[in-house]
Structures are given as C-alpha cells and as structure tokens.
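Sequences are here, hints too, so could you generate the full structure?
Residue numbers (the numbering used here), protein chains in the order written: chain A, 1 to 383; chain B, 1001 to 1347.
Keep in mind that the hints were calculated from the coordinates and are not lab data.
Watch out, some of these pointers could steer you wrong.
Unchecked claim - Dumping the calculated SDA-like pairs for lysine to any residue here, alpha-carbon to alpha-carbon at most 20 Å:
1. A:Lys-240 to A:Asp-140
2. B:Lys-1231 to A:Gly-374
3. B:Lys-1330 to A:Gly-271
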Amino acid sequence: MQTFRFDPCDLPDSALALRDEIRAFLATELDGFPARKRAETWMGWDAEFSRKIGQKGWIGMTWPKQYGGHERSALDRYVMLEEMLSAGAPVAAHWIGDRQSGPLLLNYGTEEQRQKYLPKIASGESFFCIGMSEPDSGSDLASVRTKAELTDEGWRVNGTKLWTSGAHRAHVMIALFRTATEEGNRHGGLTQFLVDLDTPGITIRPIKDLSGNAHFNEVIFEDVLVPDSQRVGETHGAWKQVTAELAYERSGPERYLSCYPLMAELVQELGDKGTASERDEIEIGRVVAELSTLRQMSVSVAGMLEAGQNPALEASVVKDLGAVLEQRMPGLATDLLERPFHLGTGGLDEAAAYLVQNAPSFSLRGGTREILRGIIARGLGLR
Amino acid sequence: MNELQTMLADTANRLFTDKLTKQVRIAAEEGEWPQDLWNAVEENGFPRVLVSEARGGAGAQWPDALVLLKACGTHAVPLPLAETILANWFLDQAGVDVPDGPITFASAQLTSGPDGMALAGPMQDVPFAANCTHVVALSPSDGTDGGIQVALFASPQVGQANSTIARESVAQVSVSGAAIASGLASLPLNSAMLFGALARSAAIAGALQSVLLQAVQYAGERVQFGRPISKFQAVQHQLAELATHAASVGVAVDAAARAVLADPNAAEFDIAAAKVRASDAAQIGASIAHQTHGAIGFTYEHGLHFWTRRLWSWGPEYGGAAHWAQLLGKNAIEGGGHSLWATVTAR
Ligand SMILES: Cc1cc2nc3c(=O)[nH]c(=O)nc-3n(C[C@H](O)[C@H](O)[C@H](O)COP(=O)(O)OP(=O)(O)OC[C@H]3O[C@@H](n4cnc5c(N)ncnc54)[C@H](O)[C@@H]3O)c2cc1C
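Below, the structure is given as structure tokens:
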C-alpha cells in the first residue's frame, strides 16, 4: 500500500515578505468591500481588480519573464493566492488563466501561442475559461462528443459545452474536442484548442444557478472554424494534458478556503456580541483545527510542486477533505447564529445566505467527491 | 525523514515486529508485565530519546522522538513507552538525572517541606502506575519565575486502579516521603495535559496508519460475490475516507512536534489542533476499519481490536476533541475574526 506523502514545507522569506505586502495592499484595496462580495471570492469577477493585480506582478508569478511572468517560486504564488482568498478578493476573471491555461501553454503550447496569450494573461487583460464538461460528459470526461473535424479551412467544430464558468465574460476557452473515434481507446482521439470566444458560430447562454446568479454557461458551437495554429499539443493527445491540468485545478487553496471569509465574519460577530457559548467555542475550535491542518497539507502540496514532483494524489486528498470542511462552514453559521439569513443586507447574513446556496457545488466542481475517492482508492492499490 | 528518524523507525519496527507477538499482547492485557519487551526497548535507548547527551540520553529532538511515539500506535505497544519518554524529557528539562526503568507522570500539587518536595495529595488517573518504578509529578511552581516544578518519586503506591478500554491500567497514586529529586522546568503550566495530548495524538496517527493498512489488506483478500470486496466502490470510498483522515492526523502531529521544537511555550495551538483532529479521526477510523472487516474483526481472536480499542481509549485521554476545540475556539473568538487568519498562517 502506498502511503501519501505530506512532507512539511517551510515557506521561504520571499513568500513571508510578499504576504505582508499583499495584506497591506488588500487592506486598502478592499476597504469597505462588503461581506457578501467577499463570500464570492474566487467566483467574484472584477476586471479592474484583475488588471491591478496584473500590474502588481501577482499573475503568472512563476512563469518565465519573456512571457510576462516573474520567475518566482510556487510557494510565493501559493501565499499570494491564500491571502487573496482569505480576504475574499475577487479573483475569478484572471484566475483560470493563472491557474490552468498559462501553465498548459507553457508545457504544451507553441511559441506563437505563448507570445500571443501569456503576456496578456499576466497583465490581467485576457481572461480564460475551461471547456471540458458537456451535457452527457461530466465525471466521464473521456466521453466528450463535441466534434472538431479537420477541413481545408481549419478545424470545423460542432457541439455543446456545458457548465463553463465565466464563458460569458471570458476572451478565450481552452476547449476539449473529439477529433477521432478510436475503437477501444476512449482516451485517444481528444484534442485541446484555444478558442477565441468572438469567433463566428459560437453562442453563449448564461445559466442561472439556484442562488439566482448566472456564472456558468452553455456554449454552443455551430460550424465554428478554428485554425490549426490554435491547436494545443498533439492532435489526439489531449488526455495526458487534461489530467495534468486537473492536478493544478485540485491542488490550490481555493479547495478549502471558499468559505473562509464567512468564517472570519462569524468568529468576529461571536466575539463582538460577547455571548459565545461553550458550544460555539467547541464548534469554532473544531473548524480552526481542521483549517490549520488542511492548510499545512496544502502548503505541503505547494512545496512538492515547487520541487518538481507530481502530487496529484495528495492534491485529491486535500480537495476531498477541503470540500467537506468548506461545506461545513455555512452550516456552522446556520447552527450557531440560529437565525434565518436574509438577502439584501450585504453583510454577514447575506454572505451566509449566498454560501449556504453555493455549498453543494464545492464537492462537484473540479471533480466530484466520488471521483476523487476513486483516485485515492487507486492510490491505495484497491483498483 | 532525516537519518536519525529513519534509523529509529527501522529499529522500532524491527523490534516490535519480532518481539511483540499476539501472545505478548494477550498476556499484557491479562495483567502480565512484558519484561522482555521492556528490556529490548531500554537496550535500544528509546526511553531516553529526548534526554540530553550530558544525562546519558540520545539528545534527539521532538520530530525525531515522534517516530517512536507514532510507533506506540502503529504496533499497539502495551508499554508505558510514551509515558517514559515524556517523563524523562520533563526531568531533563528540569535539570534532573533520569533513572532507568519505566516511569509515568501526572499533574499534581507539590508542597515544599523541610525534607524537600512532597505530594499534597494523591495523583489521579496515572497511566501504567502499577508497572512503573518511578513517577514524575508536574506542578505549578510557587515562585514567580514561570515554568513548572518537576519532581521525581520512587516506588509509587498504587491505590484504586482501573483498566482503560485499551486494557491498560490507570490508578490513583501516592508516595511516601519527599521527592528523590526535583527542579524547575521552563515549560507551560499545563504540561502534563499538553504533552500527554501530543503523545496520544502521535499514537493515534500511528494506529490509524496501521488500521488503514490492515483494512486495505483484508479488503484485497476477502472474496464475496466472486470478487475481492476491495473491488466494490462503496468499500473503496470508505477506505479512501479513512486514508484522508490518517493523512490529516499525520500532518497535524508533525506540525505540533515542530512547534514544540521551536518553542514548547508557544506550541499549545498546534498541539490542540493535532489532538482535535486525532480524537475525531480515531472514532471515524476505528469505525471504518471494523466495517471493512465484517464479523471476523469483531472477534477477540482476530486482533484488529488491539488497535481499535486503543483508538477509542486514546481519543478522550488528555482531553478529547471538544476539550481542545473549546480552547482553540475561545481564543479565536476572543482574538477576533479579523486576526484569525494571521494565527492560522503563523504556523
Ligand atoms: C459551479 C460549477 C462550476 C463548474 N465549472 C466548470 C467549468 O468551468 N468547466 C467545465 O468544464 N466544467 C465545469 N463544471 C462541471 C463539473 O466539472 C461537473 O459538474 C462535474 O465533473 C460532474 O459532472 P456532472 O455534473 O455531469 O455529474 P455526473 O457526472 O452526472 O455525476 C452525478 C453524480 O454521479 C456520481 N458519479 C458519476 N460517475 C460516477 C462513478 N464512476 N462512480 C461513482 N459515482 C459517480 C457523481 O459523483 C455525482 O455524484 C462546473 C460545475 C459546477 C457545479
């Protein structure tokens, strides 16, 4: 049986100095930013904020300078992100490009693609979305059917992507299309493309979620032409690229900090009222213990990334435990405050109302709990 | 793991695998002191792992000693090894020479008389008291210089004794006369609780790894409906959940040991967090391990229970999840929500 490795990781001085710098920046920048807005954090879209972050050099932090990056360590980047999320900063606009699309292009993109896209992602001007899921392909990603056929004019795309976060505001989709149907090899025949979302033939329909917000979309492709120069990596070779991408998607602090701003507000209110009961203290303390432990696990994963290791398994452990913890926080606010949360207040109550409604998605997005536990079970040698 | 840790782990694993047979475990549960096992442990210097070289110890650090404290759980060791490691560390911290033999410890009220330090009253719930040649009493010092009074007594007299779920004895202890040695250690007032909690957390981390391994192995061997039960997704997901808890406790305990290494007086947050995680995970882990094993794991004959009964027993010892969670929660609420993140990231 393989046991999971979580070696302790000490943050370098550069990261500690950066933490102070970012805290000071956010204290001014987010002064008066309402709790309800902070609760959105990595789902919160603010192009102006993203441009400011880009100017600060806090996007593409680990990338080569020639592509607009800053050649800093993965641990500096880790600290940047945990500070943004714990403060509830609106990072959604640039976040996919920073987390997934940029690293994908660095690994598999052509020189032309890197020059065209990376500097603009890093400066907070170009926003990306991820087109993997489809109506009939969620957990079973290898079953995607949106088809790209090679013609004389380029790739002709037909089909529908679903649940694409931010597609209605993003500039580019990193899309996974079926380029061949190979008998007995479901993982072959898939190719990734950079699709500029203003290409003719694309219809984007925002889908309201149960909280009444529209942040994900249905994206329909009708005879959309994508030039071959927009293909990422080998034709039919996307599966390994996508699995590598999913490791980036699962390893970060956004997998346990989504509700942290609410937690801070809750603790603050209990303190301000000065009437915290023994039960309040115990429940809060339990979450503090888990939060602190998960953060150390997450820092450890960042340390492995920095050392060039592949912590995909450990990242799944963090995401699974993280989703359970995140999902508990809105319930905890409900239990401890013992009042119905009302919309329209802007403050703690509306933040809690927003997160109560969003919590079900935490164990879906980025891979469901069942899929993650399957990965962990494989790591244990059970499958 | 560094070189010393690898060496300690290899030695402990070999020793316990060879010498700690099922018969030894059963005999120990029936009240027979495993003298051979203790001799082997002592020959390898385990009890003095944290004692400075000047006092005849290994002079190792907390993260190193952790290897042995975890091994107490991995191998369900029926000895006061953790107790002796800690008692010796307290003595060393107080500048007192360390005797040979098993030693236990507890918090107490000490009074100074004409002949030196004496117990104001009996010590309660002292683990393994009946098996130990010495007992260490930890008491608030009456001076203003901070730290605690650490006193060593020989030949503890055991009063009312009880057996834990782990079939280990805890007893009320008194002593006759004054301490044979005492000193002042610059350690927190609640050291007995605090470091006891850390030792139990480490043992739980080890025991969780062990029950995970046993359950994974068993699931791969047990065939039902024509295939190993490990092929059923429901079983896989249960074991995956157990694995995430085992990993989490391991990380929390490592962090606590590093915090003690940095400053024992500033380690309360990390130790509390580790014990909360460990005590909660102990219950989840024991439950999943039994579910996976079916009826056979419910028998005395099978032996899974040597670990699960310890998990059940260690969870509440030296403060359960609620005890330590309340401390963390109280501090968080008093400190204010806006400084909580700074506390979490200071680790
Ligand atoms: C808020 C949000 C944002 C999202 N953003 C994006 C995005 O930007 N881009 C994108 O491509 N996708 C996105 N997704 C889609 C997300 O990746 C999928 O929802 C997810 O992969 C699950 O797919 P599904 O919804 O089709 O559920 P299904 O795959 O139909 O699963 C339904 C249930 O069945 C279980 N199940 C399925 N297969 C198995 C199995 N083999 N074993 C055990 N249980 C199984 C699942 O765990 C789940 O509980 C987003 C989803 C949400 C909720």
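Going through the hints against the structure:
1. A:Lys-240 to A:Asp-140: holds (15 Å)
2. B:Lys-1231 to A:Gly-374: Given that 20 Å is the threshold and the Cα spacing comes to 11 Å, the pair holds.
3. B:Lys-1330 to A:Gly-271: holds (9 Å)
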